[in-house]
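*Asks:* Residue numbers (our numbering), protein chains in the order written: chain A, 58 to 370; chain B, 6 to 472.
Some clues are possibly wrong.
Derived list of chain A stretches under chain B, where covered just means 3 residues or more per stretch with a C-beta under 8 Å from a C-beta of chain B [claimed, not checked]:
| hint | region |
| --- | --- |
| 1 | 84 to 91 |
| 2 | 96 to 104 |
| 3 | 185 to 193 |
Calculated pairs, SDA-like style, for lysine to any residue (alpha carbon to alpha carbon, straight line, at most 25 Å) [claimed, not checked]:
| hint | chain 1 | residue 1 | chain 2 | residue 2 |
| --- | --- | --- | --- | --- |
| 4 | B | Lys-419 | A | Phe-190 |
| 5 | B | Lys-419 | A | Arg-134 |
| 6 | A | Lys-310 | B | Phe-459 |
| 7 | A | Lys-310 | B | Ile-458 |
| 8 | B | Lys-468 | B | His-94 |
| 9 | B | Lys-450 | A | Leu-97 |
| 10 | B | Lys-461 | A | Ser-78 |
| 11 | A | Lys-310 | A | Asp-258 |
| 12 | B | Lys-330 | A | Ala-182 |
| 13 | B | Lys-224 | B | Glu-291 |
| 14 | B | Lys-450 | A | Phe-75 |
| 15 | B | Lys-356 | A | Ser-88 |
| 16 | B | Lys-419 | A | Ser-312 |
| 17 | B | Lys-53 | A | Gly-85 |
| 18 | B | Lys-419 | A | Ile-313 |
| 19 | B | Lys-388 | A | Ser-76 |
| 20 | B | Lys-330 | A | Ser-88 |
| 21 | A | Lys-310 | B | Met-435 |
| 22 | B | Lys-461 | A | Pro-351 |
| 23 | A | Lys-310 | A | Ile-349 |
| 24 | B | Lys-419 | A | Asp-258 |
| 25 | B | Lys-195 | B | Pro-162 |
| 26 | B | Lys-450 | A | Ile-144 |
| 27 | B | Lys-269 | B | Glu-247 |
| 28 | B | Lys-419 | A | Arg-140 |
| 29 | B | Lys-419 | A | Ser-78 |
| 30 | B | Lys-419 | A | Cys-357 |
| 31 | B | Lys-234 | B | Glu-291 |
| 32 | B | Lys-269 | A | Leu-254 |
| 33 | B | Lys-388 | A | Phe-74 |
| 34 | B | Lys-419 | A | Phe-74 |
| 35 | B | Lys-388 | A | Asn-86 |
| 36 | B | Lys-419 | A | Pro-305 |
| 37 | B | Lys-450 | A | Leu-224 |
| 38 | B | Lys-90 | B | Lys-170 |
| 39 | B | Lys-450 | A | Ala-79 |
By construction, these hints were calculated from the structure, which means they are not laboratory data. Note that beta-carbon positions come from the ideal geometry of N, C-alpha and C, so glycine has one too.
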Amino acid sequence: MSAPENAKPGAPGATPFFSVSAPPHIRGNWSMQDIMLITLAAIIPALGVSVAHNGAYVLLVAAVSVASAALAEWVFRIVAEKRPVMIDGSAGLTGLLLACTLPPQVPLWVPLVGSVFAIAIVKMAFGGLGRNFLNPALAGRAFCVLAFPAVFSAMSSPHAPVPGETLFPLVVGYQGGLLGGSSAGALLLGAAVLWGLRIIDVTLPASFIGSSFLLFWLAGVGHGPLEALVQTCSGGLFLGALFMATDPVTSPKTSIARLLFGTGCGVLAFLFRNIGRAGDSIMYAVLLMNCIVPYCDRYCGRLLRRRAGGTTL
Amino acid sequence: MAEKILMASAGRTRSLPLEGLNYFSITTRIGEQSLFKKVVMPGGILFKPGFGNTDTLPGEDLPAPPVVTIPLVQHQETPARPIVKVGDHVAAGQMIGEASGADGAAVHASVSGMVTGVSRCRWERNPAAVSVTIESDGRDEFASPIPYDKPWMEAEPAELIGKIKLSGIVDWNGSTGVPVHNKFAAAQGKKADTLIVNFLATEPYCSAVPRQCAGQIEKLIAGIALCRKIVGAAQCVIVAGETTHRILQAAHKLEDITVVLVKKAKYPLHEERFVARAAMAAARPEAAVVISAVAALEVRAAIEELTPSFMRTVTVAGPAVRSPKHLRQVRIGTSFKLLLEACGADFARAKKIVAGGPLSGTAVPDVEMPVTKATRALLALDKTYFAEQQHPCMGCRRCYAACPVRLEPARLAKLAWTENIRELENRGVMECLECGCCAYVCPSKVNLVHHLIFGKSLVRAGKGELP
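One chain only, chain A, in its complex shape (with noise of 0.2 Å):
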C-alpha cells in the first residue's frame, strides 16, 4: 500500500477511502417485519377458534380485509406520496386486526371499506406508519360502525343464565361475538409469545384487564366476582387490551405512562358498557385514551431513570 502523495481515491495503488459513520457498526437481527409477521402469526390461534365456531367463511372476510388494506397502502403509496412501495407488513396485519372486530357473518364489502379508511386516511394521510395517532384497525371499524349500523347490530353473546356457563364458552370461544375476539383463551396464548419475545409488555394489558375487571366486580356488588369475570372475557375487552391497546404506535412509551393508559382505558370500557352502547365500549375506550398518548409521554418519564444513571455520586 506504498501510495504516491496526492493519488487519486479508487487509483492503483492509491489508499483506499473508507466509509465513516456513526457508531454501532453492527446491527441486530430483528427487523420491522419480524415483528410485524410475528405479531400476524399471534392472532392465528382466535382465527382458528373463529374459524373452528363460523365457518370458512371467516378466512374470507380476513382475506379481503388484508388484501384491501395492503392495496390501500400500495395505491396511496405510488399515487399520493410518489414513493417505493416498502413492504413492512404492517398494512397487513391492519387488515387482520380490522377484520377480527368485525361480526363474522359480515359482509364482504364492509372490511374492504373498513381497510381502506383505516389505511388511507387514519394511516397514510398522517404520514404512514409511526405517525398515525389512532389506531388503524379501531378506528376503520369505527368508521364501518357508523357507516353501516345494521351489519354491527345483530351481534350475538354467549348469554345464559347462570355465569359459570357461559364463562366456559368465553374463554374456550364460542359462535358468534367478534369474529377474533370470542376466544379470551386463545387471545391470551398468541399474547404469551408475543410478550416472550418482548414484542408487548404485561404492564398495559395487565392494568387494562385488571382494572375493568375491579370495577365491574365493584359496580356490580351483589354479584361476585365471577359475573365480573365474564363481564371482562365478554365484549372483545381481551382483544382489545392484548393487541389493540398494545399497538406499539399508538401507545404510550414509559412504563408508568403504560400503567396510566391502560387504567384509562379500563375505565373507560367499564363507563361505555355501562352507561352507553355496550357492543363497542372497548373500541371508543381505546380511541379515546390515544388520543391523551402524547400527554401521557410528555409527563410520565422513565422510573429510576436518575438511579440507574447517576451511580456515580
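With chain A's structure known, arrange chain B on it following the hints.
*Replies:* Chain B only, in chain A's frame:
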C-alpha cells in the same frame, strides 16, 4: 471531575427492577468461603457466546515504527501544551507535551529521534490540539528518568501522585478517559476506602486489556498494591470476567483482595459506573475509586521503573483482516495502517476501519490516523455496515429496554431532530454513554446514536461550550 470518578454507596444497594434481559454477577472470595450474589441491572446487550471473541488470538510485539504522529490530546479534556520544537532530538519516554489545566495529562515521545513537525492535529476538532511528528533514528533510546530523592517506598502519596502526573497515565474505563493522578487526588480528597479494579472488556473484539494483564499478573498485583497505598484504600475489589478470573485464581497472591466474577456480562458493563455497581456485590464502600487494570500496570511502571505511558496493546481483527492478532508494545502515534499491515489487512476488501469496538468505536476515514491512549482495538470490516434507516420509528420500545442508563433514545432522537434543547436536557441526553445499544436493537435501523450525539452537541452549544 471528582463527581465522575467517585461514587457513594449509601442507599444504593437495592437492585433495579427487571427490564429487558438482565445479566447477573456471582461473587467469589478467593481463599475463603465463596459467596453468591445476584446483581440485576437494566438494559445492555448479551451477545452470543463466541461472537467477537478474541481471547485466543496470538500476540505479537510490534517493532518501533519509523515515524510517529502523537496528538497532544489523549482524552476528552484540555490538550497538553507542546514543549518541543521542530529540530529537537527526543528520546523515547521524554515528555513532549506538558499537562495544562486542572484535568490535563502529559504526553511523551514514543520513539527516539528528531521532531519534524508540530502542527495542528487534523483529526481533532479542537483547534488548540496539536500533534507532534517524530522521525525515528532507529536507535530507540529511552530517556533517563528523573530519580527520586529517596527510595520510592518511603515517598509520600502526594509525591507519588506527582510522579504519576509526570507519566501522563490516562485511565480509560469504557467511554471516559480520565488522568489517573486526577482520580487519585480526588479519591484522597473524598477519603476513598475502596479501590475497584476493572478487568472487564465486554465489547466484542476488545479483549486486548485482559490479554495484556494476563501476561503480567505479578506486576499487575504490585500495581494494585501501589494504587491502594496511594489512595489509602482499606479494601480492594477486582471485577473480572471469566477468562481473567481463571488467571487470577492461578496467581494465588490476592490475600486481602476480593474478586467479583461477572458471568454472562452484558455489553456496556465495562463502563466505570457499572463496574462500581458490580463491585457493590462484595463491598459496601463509603467512597470508592475505579481504575482499569491497564492503569494499575502503568502506575507500577511509572513509580517503580519511572517509565511513562506510551505503549498500548491493540487487538487487530475483523472480517477483512487475514491474521488477526493482539499487537503488543504498540507505540502511541503509530499509524493505523502499520498495525493493519502487520496483521495482513486486505485494504481492497475493507470497507470500513473502526478504531475501538464495533458498538462504540469510531469509523476512521483515513488509515494514517495514529494510535492514542484510548485505542483498544482496530477492526477492518468488509461491509460498510452503514445501516440506512429502513423504516420510520414505530415506537416498539426496544431501545428503551436496551438503554443501560434508562434514557428514552427514540424520544431523544426526535427531540434532537426538532432541536428542542430544553427538553433534551430535561430528559437527560447528556447522560448518554454513546454505547450503541439502542441503535443495535432497533428493528427499523434508526441511527439513534447519530441523533443522540447531535442532541448532545446541541445542548453543549446551547450552553456555549462549543464554538
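*Asks:* Now look at each hint and say whether the structure bears it out.
*Replies:* Results of checking the hints against the structure:
{"no.": "1", "hint": "84 to 91", "verdict": "holds (count 6)"}
{"no.": "2", "hint": "96 to 104", "verdict": "violated (count 0)"}
{"no.": "3", "hint": "185 to 193", "verdict": "holds (count 4)"}
{"no.": "4", "hint": "B:Lys-419 with A:Phe-190", "verdict": "holds (16 Å)"}
{"no.": "5", "hint": "B:Lys-419 with A:Arg-134", "verdict": "holds (24 Å)"}
{"no.": "6", "hint": "A:Lys-310 with B:Phe-459", "verdict": "holds (22 Å)"}
{"no.": "7", "hint": "A:Lys-310 with B:Ile-458", "verdict": "holds (22 Å)"}
{"no.": "8", "hint": "B:Lys-468 with B:His-94", "verdict": "violated (43 Å)"}
{"no.": "9", "hint": "B:Lys-450 with A:Leu-97", "verdict": "holds (21 Å)"}
{"no.": "10", "hint": "B:Lys-461 with A:Ser-78", "verdict": "holds (17 Å)"}
{"no.": "11", "hint": "A:Lys-310 with A:Asp-258", "verdict": "holds (11 Å)"}
{"no.": "12", "hint": "B:Lys-330 with A:Ala-182", "verdict": "violated (55 Å)"}
{"no.": "13", "hint": "B:Lys-224 with B:Glu-291", "verdict": "violated (28 Å)"}
{"no.": "14", "hint": "B:Lys-450 with A:Phe-75", "verdict": "holds (21 Å)"}
{"no.": "15", "hint": "B:Lys-356 with A:Ser-88", "verdict": "holds (23 Å)"}
{"no.": "16", "hint": "B:Lys-419 with A:Ser-312", "verdict": "holds (19 Å)"}
{"no.": "17", "hint": "B:Lys-53 with A:Gly-85", "verdict": "holds (11 Å)"}
{"no.": "18", "hint": "B:Lys-419 with A:Ile-313", "verdict": "holds (20 Å)"}
{"no.": "19", "hint": "B:Lys-388 with A:Ser-76", "verdict": "holds (10 Å)"}
{"no.": "20", "hint": "B:Lys-330 with A:Ser-88", "verdict": "violated (33 Å)"}
{"no.": "21", "hint": "A:Lys-310 with B:Met-435", "verdict": "holds (20 Å)"}
{"no.": "22", "hint": "B:Lys-461 with A:Pro-351", "verdict": "holds (23 Å)"}
{"no.": "23", "hint": "A:Lys-310 with A:Ile-349", "verdict": "holds (13 Å)"}
{"no.": "24", "hint": "B:Lys-419 with A:Asp-258", "verdict": "holds (23 Å)"}
{"no.": "25", "hint": "B:Lys-195 with B:Pro-162", "verdict": "holds (15 Å)"}
{"no.": "26", "hint": "B:Lys-450 with A:Ile-144", "verdict": "holds (15 Å)"}
{"no.": "27", "hint": "B:Lys-269 with B:Glu-247", "verdict": "holds (9 Å)"}
{"no.": "28", "hint": "B:Lys-419 with A:Arg-140", "verdict": "holds (23 Å)"}
{"no.": "29", "hint": "B:Lys-419 with A:Ser-78", "verdict": "holds (19 Å)"}
{"no.": "30", "hint": "B:Lys-419 with A:Cys-357", "verdict": "holds (17 Å)"}
{"no.": "31", "hint": "B:Lys-234 with B:Glu-291", "verdict": "holds (17 Å)"}
{"no.": "32", "hint": "B:Lys-269 with A:Leu-254", "verdict": "holds (20 Å)"}
{"no.": "33", "hint": "B:Lys-388 with A:Phe-74", "verdict": "holds (13 Å)"}
{"no.": "34", "hint": "B:Lys-419 with A:Phe-74", "verdict": "violated (32 Å)"}
{"no.": "35", "hint": "B:Lys-388 with A:Asn-86", "verdict": "holds (16 Å)"}
{"no.": "36", "hint": "B:Lys-419 with A:Pro-305", "verdict": "holds (16 Å)"}
{"no.": "37", "hint": "B:Lys-450 with A:Leu-224", "verdict": "violated (44 Å)"}
{"no.": "38", "hint": "B:Lys-90 with B:Lys-170", "verdict": "holds (22 Å)"}
{"no.": "39", "hint": "B:Lys-450 with A:Ala-79", "verdict": "holds (13 Å)"}
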